[in-house]
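In order, the protein sequences belong to chains A and B.
Going by UniProt numbering, the letters in the first sequence line up with residues 1 to 330, in that order.
Going by UniProt numbering, the letters in the second sequence line up with residues 1 to 323, in that order.
These are computed hints drawn from the structure, not numbers from a lab.
Hints should not be assumed to be uniformly reliable.
[What the hints assert, rightly or not] Lysine-lysine pairs mimicking BS3-like chemistry, simulated, CA-CA at most 30 Å apart:
#1 A:K142 x B:K28
#2 B:K28 x B:K139
#3 A:K142 x A:K235
#4 B:K28 x A:K146
#5 A:K235 x A:K245
#6 B:K28 x B:K232
[Stated by the list, open to error] Among chain A residues calculated to face chain B with C-beta under 10 Å, some are:
#7 G11
#8 L14
#9 V22
#10 V23
#11 S157
#12 L158
#13 V172
#14 D173
#15 G269
#16 I272
#17 A289
#18 F308
#19 V310
[What the hints assert, rightly or not] Just the calculated beta-carbon pair ranges, DEER-fashion:
#20 B:G264 x A:L73: 27 to 37 Å
#21 A:Q192 x B:S60: 47 to 57 Å
#22 B:N62 x A:L47: 35 to 45 Å
#23 B:R146 x A:N87: 35 to 45 Å
#24 A:V322 x B:P283: 21 to 31 Å
The beta-carbon is built from N, C-alpha and C at its ideal position, and this holds for glycine as well.
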Amino acid sequence: MFRYLVRRVIGGGLVLIIVSMVVFGLFYVLPADPARLACGKACTPELIAEIRHTLELDQPLTIQYGRFAEGILVGRTYLKGSTAQLNCPAPCLGYSYDTDELVTNLLKDRAPATLSIALGASILFLLVGLASGIISALRRGKWIDKFSQGVALTGASLQIYFVALILQFIFVDKLQWLHTPGYVSPFTSVSQWVTGMALPWLTLAFLLSAIYARLTRAGMLEVMSEDYIRTARAKGLTLRRINFKHVLRSAITPIVTVFGLDLGQLLGGAVITEYVFNIPGLGRLATEAVSNVDLPVIVGTVMLAAVFIVIANIVVDLLYMVLDPKVRLS
Amino acid sequence: MSLDQLAPASTAGVEGRSPSAMAWERIKHDRTAWISGGVIFFFLIIGIIAPLFQRILHTSPNSFHPEALDEAMGAMPIGHFGGISSTHWFGVEPRTGRDILLRFVFGARTSLSIALTATLVATVIGVVVGLLSGFFGGKIDQVLSRMMEIVLAFPSILFALAITPVLENVLESSGLPKGNATRIPVMIMVISTFGWPYIARIVRGQVISMREREFVDAARALGATRLHLVFKQILPNLWAPILVTVALNIPSFITQEAALTFLGAGVIEPTSDWGSMLLASVPFYSVDPMYTFIPGFALFLLVLAFNLLGDSVRDALDPKSSR
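Chain A on its own, in the form it takes in the complex (with noise of 0.2 Å):
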């Protein structure tokens, strides 16, 4: 177990090396003129130059890329103009050009948001997700299986920003019920950070919980074919032993993959959703920075959300192993 997990860190390291090179060669390599592309909307030569020169573009590749990693690794400073210079500690990510800050402190500012909408909406719809499938799977053919399963698909082939829009019509403006979305952090005011997140959970939960709601109901409903399950009935074990020890037990395996990887994606910054509520988090960081082109900021939040998303990963596997002893043996 140990050493697996040991290889399962080191491959991810390797993948997140590789993420960093193709994140590095596509921003800063492959632009006709990166200090251009770097230097956003309000650009004179003097700041193009002045770019050029922090960035070291005039060195050869492998060495601007050894600076990048080694920023990230063990930190590096920045000369900004001749004399004044910019300390930026590990991880550094380089500093905003819009707003002369920190990468990592402009990370650190935006993630709480972020974490509040994943953490809350993950287990919304996950719950959601798995009791409907649950009682689709128990119920199949009733008329309870087919409403949950049309709401699944309705749920499934709705759009995030379509339904942010419908729901926040229906609370903010007409019912009244809620404020306008935004973030309050929970250790200011727990009533006022739930209000406020409320809508961006909902529209998650309504549009992710499909999927888990048909992966329920798809592998519940394998698995109570399987010949076990009939050894199982015959030797008398009763329903709910069935249902909750094996079929929900070996149903659940391919859940925690995609539970994994939903929640690796949306702690990198749920951007859709942020966008439409207007909420601060990393996803509203990146679509600001990808409207001013300010470089650094965009190469920090891709590359957190893929440290992200590599975490996920080695995690399901871990879970996997824990969850299938097909997999721990072999």
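Starting from the known structure of chain A, fit chain B onto it as the hints suggest.
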């Protein structure tokens, strides 16, 4: 459905039926498939005949109609439901007064052609990579599989959003004109880059289970080249799983196209697109909900139809799969 119903009407001897004929028989009796196919066909047709609407309505999707707006009310459409009238069947856009029906049909054109082209590109790449990776195995498989893993490790929407200005910069500096002539190819590239691994993975799995089969051995014994084995022997046997994967993937391509445009990294105004209509409607959603509803509901219908049709195609081609 009993077997007798499926049997051919002719009694002139027992005829063998190919798997595709059997699948077609099943699809023919599937009402859901017909309805969802009809919805998709409808949207395709209105996209194709979009210029015809322009003739009937005597205006263009980009011309302003200040006469349909109420200046005193902050240039909102005159009349109920976003200004629906006999001249503007779907109403007009707030502030500009552009005809929504025309923007809608021309939007169907842009949205569908980008999504379907991206589907085609992703399918071709996915199928070729999957075939090579599954058939040759070994080092080639390792490299290609790792590549899929890495692409899947990228946060797709975020990355698509971030890479768009960079790719645009590269293409523009290599001589492509500014605007949609560059933006649309970039969108197709970005969407298909994140789409092909899903198709490749499935094709790879199918090839691995097929390459040891007797008919491949037979062809190999006859001296067939490896390329012949891959493309002439194995590929023709894979069209069913490929078709199912593609059918189930189209909705996500449509969704991504609209999402990219919605986030501002897509089709550029004044060219119409469903995603950009939704984006443009955001400031007015509470005063003019119809403007948000029309493109949003159409996207929902189209994606739902593709999802249902995908399920039907899968059930028809793979009768073992139970719903």
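Going through the hints against the structure:
no. : hint                        : result
1   : A:K142 x B:K28              : 26 Å, holds
2   : B:K28 x B:K139              : 44 Å, violated
3   : A:K142 x A:K235             : 27 Å, holds
4   : B:K28 x A:K146              : 23 Å, holds
5   : A:K235 x A:K245             : 15 Å, holds
6   : B:K28 x B:K232              : 29 Å, holds
7   : G11                         : 9 Å, holds
8   : L14                         : 9 Å, holds
9   : V22                         : 7 Å, holds
10  : V23                         : 9 Å, holds
11  : S157                        : 4 Å, holds
12  : L158                        : 5 Å, holds
13  : V172                        : 8 Å, holds
14  : D173                        : 4 Å, holds
15  : G269                        : 6 Å, holds
16  : I272                        : 6 Å, holds
17  : A289                        : 8 Å, holds
18  : F308                        : 8 Å, holds
19  : V310                        : 6 Å, holds
20  : B:G264 x A:L73: 27 to 37 Å  : 34 Å, holds
21  : A:Q192 x B:S60: 47 to 57 Å  : 48 Å, holds
22  : B:N62 x A:L47: 35 to 45 Å   : 36 Å, holds
23  : B:R146 x A:N87: 35 to 45 Å  : 37 Å, holds
24  : A:V322 x B:P283: 21 to 31 Å : 49 Å, violated
The structure fails to meet hints 2 and 24 from the earlier list, while all remaining hints are met.
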